[in-house]
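Participant: Sequence:
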Amino acid sequence: MHRDGVTFVMMLMVNRSNVLNGESTIYDLDKNPLEKFTLAEPLDMAIVNDERVFHGVSPIDQLEGDRPAVRDVLVVTYRHKP
8 MHRDGVTFVM
18 MLMVNRSNVL
28 NGESTIYDLD
38 KNPLEKFTLA
48 EPLDMAIVND
58 ERVFHGVSPI
68 DQLEGDRPAV
78 RDVLVVTYRH
88 KP
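At position 6 of the sequence shown the residue is numbered 13 (our numbering), and the sequence of numbers has no breaks.
Check before you lean on any hint, since a few could be wrong.
Unchecked claim - If you anchor each label on the Cβ, the simulated ranges turn out as follows:
| id | residue 1 | residue 2 | range |
| --- | --- | --- | --- |
| 1 | L81 | G12 | 15 to 21 Å |
| 2 | G72 | N39 | 19 to 25 Å |
| 3 | F15 | Q69 | 30 to 36 Å |
| 4 | D68 | P89 | 15 to 21 Å |
| 5 | T84 | E48 | 33 to 39 Å |
The hints are simulated quantities; they were obtained by calculation from the structure and are not laboratory data. Owing to the predicted nature of the structure, the values given are computational and were not obtained by experimental measurement. By construction, the Cβ of each residue, glycine as well, lies at the ideal position given by its N, Cα and C atoms.
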């Protein structure tokens with residue numbers, strides 16, 4: 008669980024295959040969980056206000072041991088500068 012020190016964070020699923028877990032959780036500033044979800048399909052996206060919440064993701068595991076587990080996520084941050 009962390010904050011990135013920016014204004015907003017966008018997390019965009021690019022590719023996910025042979026993966027178990029990788030569940031995202033959003034927490035309030037007192038570190039109480041607010042929402043859990045999984046970015047499962049390409050272009051699934053979450054945008055969080057990094058000044059108002061913490062976020063984190065659970066570790067991934069392989070679904071089938073004979074293929075690699077892949078979870079590619081594009082993370083874009085935005086910092087407002089007045």
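Participant: Each hint: holds or not?
Facilitator: Structure-based check of each hint:
1. At about 19 Å, the CB distance of L81 to G12 agrees with the hint of 15 to 21 Å.
2. Between G72 and N39 the beta carbons are some 36 Å apart, a value that contradicts the proposed interval 19 to 25 Å.
3. For the pair F15 and Q69, the beta carbons lie near 32 Å from each other, so the given range of 30 to 36 Å is met.
4. Distance hint for D68 and P89: a CB-CB separation of about 44 Å, inconsistent with the stated range 15 to 21 Å.
5. For the pair T84 and E48, the beta carbons lie near 23 Å from each other, so the given range of 33 to 39 Å is not met.
The structure fails to meet hints 2, 4, 5 from the earlier list, while all remaining hints are met.
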